[in-house]
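J.: Sequence:
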Amino acid sequence: MQATSTKWQVTGREAIVDAIVGELKSEAAGTFSSPEILGVLLAGPPGIGKSHLAAQAVKALQPDVLVVHLYASTHMSTEPYGALAALLSELEPESLTHHVQVLAATLRRLESMANGRDMCILIDNAHELDEQSAVILAQLAKTRSIRLLLTCGSSDQLPHELSNLIKDGFVRRIAVEPFSFRELVKAVEMRLGGRISQRAGRQLWAVSGGHPKFLTALTEDMVSSGALVLRDGSWCLDDSIAGPERISSELFSNQLRRLNAEQLRTLEIVASARAVSISTLVDVVDDHDVDALEEMGIVRIGADHFVRAIHPLLAKVVRNKVPAGRSKEQWESVNMHSPVVHNFASEDVGMVLWTLESGRKLDRNLALDAARIANDEMKPAMALRFLATLDPQLDGTAATATAEAVRAHVAMGDRTSARTLLASLYSSYHEEPTLTEWVISLLAETSVLLASKATWAEALTNLEKVRGELYPDSLEGERGPENPNIGVLRDTLIVHTAEAAWWTGNFPDSLDGLDLAYRARKGVTANQSLLLGSQLCLMNAASGNATAAAELSDKLMQSVTAVGLAQGCAAKTRENLFFANLILGRLDIAEEAARALCGKVAGDSDIHVSAFADLAMPVLLVMRGHGGESLSLLEQEIAQLRLQDEYGALGLALSAGAYACVLSGDNDSAALYLADLDGYSSDAPWLMERAGKYFELAARGKMGDRQGSILELIHLAESDRESGRGIWEVESLGLALRLGSLEVAPRLFDSASSLDAGYDPFYRDFAEGSLTSDAGLLVRAAEHAAQLGSDNAVVDAAEVALALGTIDQHQHRHLSGLLELCRRNMDANSKRAGDAQPLTSRQLEIAREAAAGASNKDIATRLHVSIRTVEGHLYQIFGKLRISERSDLSYALAQAEGERP
57 MQATSTKWQV TGREAIVDAI VGELKSEAAG TFSSPEILGV LLAGPPGIGK SHLAAQAVKA
117 LQPDVLVVHL YASTHMSTEP YGALAALLSE LEPESLTHHV QVLAATLRRL ESMANGRDMC
177 ILIDNAHELD EQSAVILAQL AKTRSIRLLL TCGSSDQLPH ELSNLIKDGF VRRIAVEPFS
237 FRELVKAVEM RLGGRISQRA GRQLWAVSGG HPKFLTALTE DMVSSGALVL RDGSWCLDDS
297 IAGPERISSE LFSNQLRRLN AEQLRTLEIV ASARAVSIST LVDVVDDHDV DALEEMGIVR
357 IGADHFVRAI HPLLAKVVRN KVPAGRSKEQ WESVNMHSPV VHNFASEDVG MVLWTLESGR
417 KLDRNLALDA ARIANDEMKP AMALRFLATL DPQLDGTAAT ATAEAVRAHV AMGDRTSART
477 LLASLYSSYH EEPTLTEWVI SLLAETSVLL ASKATWAEAL TNLEKVRGEL YPDSLEGERG
537 PENPNIGVLR DTLIVHTAEA AWWTGNFPDS LDGLDLAYRA RKGVTANQSL LLGSQLCLMN
597 AASGNATAAA ELSDKLMQSV TAVGLAQGCA AKTRENLFFA NLILGRLDIA EEAARALCGK
657 VAGDSDIHVS AFADLAMPVL LVMRGHGGES LSLLEQEIAQ LRLQDEYGAL GLALSAGAYA
717 CVLSGDNDSA ALYLADLDGY SSDAPWLMER AGKYFELAAR GKMGDRQGSI LELIHLAESD
777 RESGRGIWEV ESLGLALRLG SLEVAPRLFD SASSLDAGYD PFYRDFAEGS LTSDAGLLVR
837 AAEHAAQLGS DNAVVDAAEV ALALGTIDQH QHRHLSGLLE LCRRNMDANS KRAGDAQPLT
897 SRQLEIAREA AAGASNKDIA TRLHVSIRTV EGHLYQIFGK LRISERSDLS YALAQAEGER
957 P
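Just so we're aligned: the sequence shown equals residues 57 to 957 in the working numbering.
Accuracy of the hints is not assured; some may be wrong.
[Unchecked claim] Distance condition first, Cα-Cα at most 25 Å in a straight line; then the derived DSS-like pairs of lysine-lysine: (1) LYS749 to LYS509; (2) LYS198 to LYS242; (3) LYS521 to LYS509; (4) LYS223 to LYS242; (5) LYS242 to LYS115; (6) LYS242 to LYS81; (7) LYS223 to LYS198; (8) LYS758 to LYS521.
Simulated from the structure, these hints should not be mistaken for laboratory data.
Assemble the whole structure, with the sequences as input and the hints as a guide.
T.: Structure below.
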């Protein structure tokens, strides 16, 4: 299926268009301190959409305002009055030497065209306007004869007369920024005529930087190449985005042609180094050239005092154009002033890459440092690039290099390559390895083993072996305290123990060591400290230490925005904090982390973001009880995960989808998701699998299998109690009670009373109120749930309280109002609209195929599903469209699609 052919929309920039129109139509006289606005300047880099926004504003101004579009160009900038030629065609050539005559002739021509209307002059690329035309236009604006609408890269590039209008406040400067992540998603979805997955949107944003012109070409290339494909009604990423260099080269070519030789040299150094400190840069180039590039919007100086190209794609285009010899000379000049040394900062990784690209051999320690930093910053592909320069046969650091390579492959989901590397490392040990080599090798192997449930026990055995060697009763020789590596190895063991807890659910086992390591934090970077803290926060939350987890979460939520932190590290930290706060019932804080996760990695497609991060927002919405809103996000994520499932994320998505359908009143669709789940197996981490099981049992229980769901929840609660996972025991028993099992109430009350997590006051009051038929406690439980932002929990408690019939009139009125509010919240986010339900994107795709004459078998083959699944969808489609015959499908579908917004 091809993308719908529509133009890119303003999408999210309506406020800019409204601001332009408002200023150009304003009749305010102005004051000395706030002068009347005589025009608007749209400033921003090429391809950002300035001309498109100006055209949208012109449409809004017409027909009440005469808008004359004048064209400026490099060629005409040397011709006096070149931009005004179209207005001065009747003026004699000799009159062009008389400024007053030109001014009068221009005004007469405009007034004859306006017929009494207000007048506006639109000038694209106003920085290429000739000085004489600029003087005329400035004077006409000052006399209130016209308003100006200008576009250019930077106001500093404008002719002097127009620049002064801006400095004096007569022309308002509006900076046009790239699309935000949400604006980009909306624009792409409107262009393609369907929803896109988070992964596809994130990659498009990372590569395009939100530049509309580049995004247009990139999206079209991806659709035609098959990198972006339609699955189950959603556009998904089926392959990596390749070859954007041609498009980006065209985008930036005009901008680069305007640079003089010294400015270009400065930009080449910045692009090759990826980031270079301002102090180092001005040692090798003129600071005026740096200032000029910043004014032109080509480079930016960050709060960390490092200079970077305005977009990584621009840097890549520039690097590709630099001859090898010149790149080598430039590297030597920079390295002479600021050589990269062992234990360098993360900002210097670009210099290490430049060292490789300039043809120099990389020092082994520098390569290992760079690989470690790249892995810390969630850039596994970059880490492997550094490690590829090392000779695996060299002694001393082979184990460390292999461990970093294994870490990178595991992050990318490539366990086969990781196992191959480990096998090669073990075969290279011709004699007994040292303690350091043995520990590093075994812990690297543990990371691979944890990625499969079948080898979890083996992974835990490895950790016990390492623990026995690093914490024996007595330490002698190399294993003694004089070994300087002991402390480092113990810290590494702690981190791997926390990783094992994440996978296997043994949270209490990792807490003490992780807490100690986080408090000590000796010799770790800010990025490592942040990740360590977020792991500790998640382990505390999962173990029921709510107060400690909440305090640490609040601290880390502030730290994660600090200057200089790697985006990949910040994304992983937010993912950990999201799940920690979700477990704690702090849904507002969880939502803050989830929203920050959406598109926080713009401009850096090297960053590897977990599939679980893409599920954060829909999972949160399901927890709140907003099934329809959640399902609108889950559908495209499920389609994406059917193509590329990472560590069993599809299981969580299907379970959440089933419960979202139940909340929306669509049990038929829920049954299909549950059917998909029945035949699904994965190696998901315990935490993700358990969250999925919660949603699955909630859906099954609400659909009628209450007894079966309750029994399984009680069994899970027993397991949680034995494993010290008190907070999970409460969640399991709480859901059982909400499904109608009064017998769990005493145990739920006892368990919830021993904890201090967000949901525990709700469950404590709900359990006691249900057990004693105390309506007051049930009212209080509903109020607790409302404070948490869980609408469906409010409904559950309120319905039980009202059914008792024992609350007074005041409480009844209060609770009824609360119940009605929560139901409205849930209904507002439901798929149900009156009596009719719209088709889901998947159902719509199947309906279109069936209406076109495709058989169930053909549809099943194309969509990679079973015939029975197609039949189930058609059953729901017929019900929603109120038809009984396949022959009626075309007409009914046309009617339904005609009603779609």
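J.: Please name the hints from earlier in the document that this structure breaks, with their numbers sorted from lowest to highest.
T.: When the structure is compared with the hints, numbers 2, 4, 6, 8 turn out to be violated.
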